[in-house]
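Visitor: Each chain, written out:
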Amino acid sequence: MHKSKSISSKENRIDSKFNELKSKNQKALICYVVAGYPDIKTSENIIASLINGGADIIEIGIPFSDPIADGPTIQDAIQSSLISGTTPYMCLELASRIRKTFPNTPLIIMTYSNILYRKGYFQFAEKAKESGIDGFIIPDIPVEESKEYLNTMQNIGMSTIFLVSPNTSEKRLKRISRICTGFLYAISVYGTTGERKGFDEYTIESIKRVKNVIADKIPLAVGFGISNSQHIKYMIDAGADAVIIGSAIVKKIKEIETNELLYNSLNRFIGELKSSCK
Amino acid sequence: MKKYKFPFNGKFGNFGGKYIPETLVPAIEELEESYKKFRKDLDFQKELKDYLENYAGRPTPIYLAKNLTKYAGGAKIYLKREDLLHGGAHKTNNTLGQCLLAKKMGKKRIIAETGAGQHGVGTALASAVLGLECEIYMGLKDTERQKLNVFRMKLLGSKVHSVKSGTQTLKDAINEALRDWITNVENTYYVIGSVVGPHPYPMMVRDFQSIIGKEIKKQIRKITGTLPNAIVACVGGGSNAIGSFYPFIDDQEVSLYGIEAEGSGIKTGKHSATLSAGSTGILHGMQTYLLQDEMGQITPTHSISAGLDYPGVGPEHSFLKEIKRVHYKLCTDDDAIKAFMILSEKEGIIPALESAHAISYGIKLAKKMKKSETIVITLSGRGDKDVEVVQNYLNGIRD
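Chains as they are written, first to last, in our numbering: chain A, 1 to 278; chain B, 279 to 677.
Just so you know, the hints here were simulated from the structure itself, not pulled from any lab data.
Just so you know, even glycine gets a beta-carbon here, dropped at the ideal spot from N, CA and C.
Chain B stretches covered by chain A per the calculated footprint, using a threshold of three residues with CB under 8 Å from any CB of chain A: (1) 292-304; (2) 569-575.
Chain A is faced by these chain B residues, among others (derived, beta-carbon under 8 Å): (3) K449; (4) L456; (5) I460; (6) T461; (7) G559; (8) L561.
Please work from the sequences and hints to get the whole structure.
Guide: Here it is in structure tokens:
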């Protein structure tokens, strides 16, 4: 326990990042990758290209066999990663290599509850902390089931990022924003992850509503279906402090066959998106 | 003895709960409220009773299987004939209940998952009679081994989506139905087919299925003047088993046996024996026993019976195993086929392959019991859907 306390007293990279961006009057670009897709080594290079291209925060997706919150693009990548033999601990090792190269970039794990539960919340979170992870996003742990998870993460000094949806009531929003640390993840739409042609008016209304409730207590990130600069501007205008890009990146990884072309393309793509966050 | 009263706060001991994405929380809360209201509503109960009796054919008979009893040579074997319920299986008890609830809640669109197709058929017919739009998710592998049920669902006016993700069986059909629900949460009601999923589903489905056990109690008392010595039912998700057991949980003198699918054998790894060979975890919104690897990935399952081919189990079964109220036992593919043949030949009843697992264990159990004792086996469904699978199996073709 002594050890974890000394780690938690260190400055939190997620908070520092948002403070830094705020002082520069920028919004955060958060990029999601499926670890081990197409393989662990390529994942490492992909993450490096994303960070070099301008990604502020990286979400490392640990593949789970039954990803109910994910749409077809990410599902396929997860399945392919699992088939190639990716394990949760391999993903944490990947994180620790990234950490060495990029000491200040916040790294967050996104996965499902059973991956943590199986090893034990404490054991898994502590190992993640040692690997340089700063927080967790677990879409199937709602507030109601979060007690043990929250206690563990708080003891270790991990941020716990919760999701809110367009149909989350104001009462719940307040409750969630009180226990959420790092940033609040607002889901843009009714649905799973994946690219969309456009967004309905309700998305904007929902972001405005959430922003209104949480004010500046915690940064607001918007994700699901965001794939271009226009979407990003739309979300920022509505009040987002950060945008999350996931499926659009996974799709590029799927489509571009040569690694060198892929890294260059991702680097350019992220550079373009980041310029919309300034 | 303290009276059994679970779930408490949505949990059966440590099992159950609601591990769901935020988007589903308002829908689950709405369902919980509505169910709380309608379960006590006399008009709702009256309407459901009318459908169950006059549309679906309840009460189902309890039948003393004399030939099977003679064959086993021990306890008297009674069969609770859920195979005679409209739709061909116990599933209709739950689908009529949930679809009627959905209608009262003002939902127009129904979705459901199905493994063997029985729950799909049950949901399709309940949607048809109640005038609801219905879409069914079914694993590609299951649509192939249960072609007739796919056609039946279509005849009943439902749309069937074959699910190509993951292992292409029941678990993936549930994933896909959950994704649909997340996307269309505002107008859609998800009819879960077993005592699985987030609270309140395990409780609600149990309540709707408990009519099986209530009738067993009444019928067997009328015949023998007392309670049965044992009740046997198969367990996939576990709805016909809970439905049979629940009214007897406080009757300690009644032994309860849940039979899981051992497939090709536990040692081969090709089975669906979640409680016997699994470990606790979180899947499909519930904490329960699962078949999973060391890393928490859900592992592929196998059973000759599509309805038992599921890597999880209802959280209440996990709890009943833990408090040792129910004995969970095994039956292999081979033994299920044998029981399928025996019941067909001895009694002129072709059982569903799921139910054949219970028949198989029931025969073994009866053999060890006294002739003065009685045992009730829940015959959860009829086997017309399975004749092709059995024919292939006997010809040496296995999937």
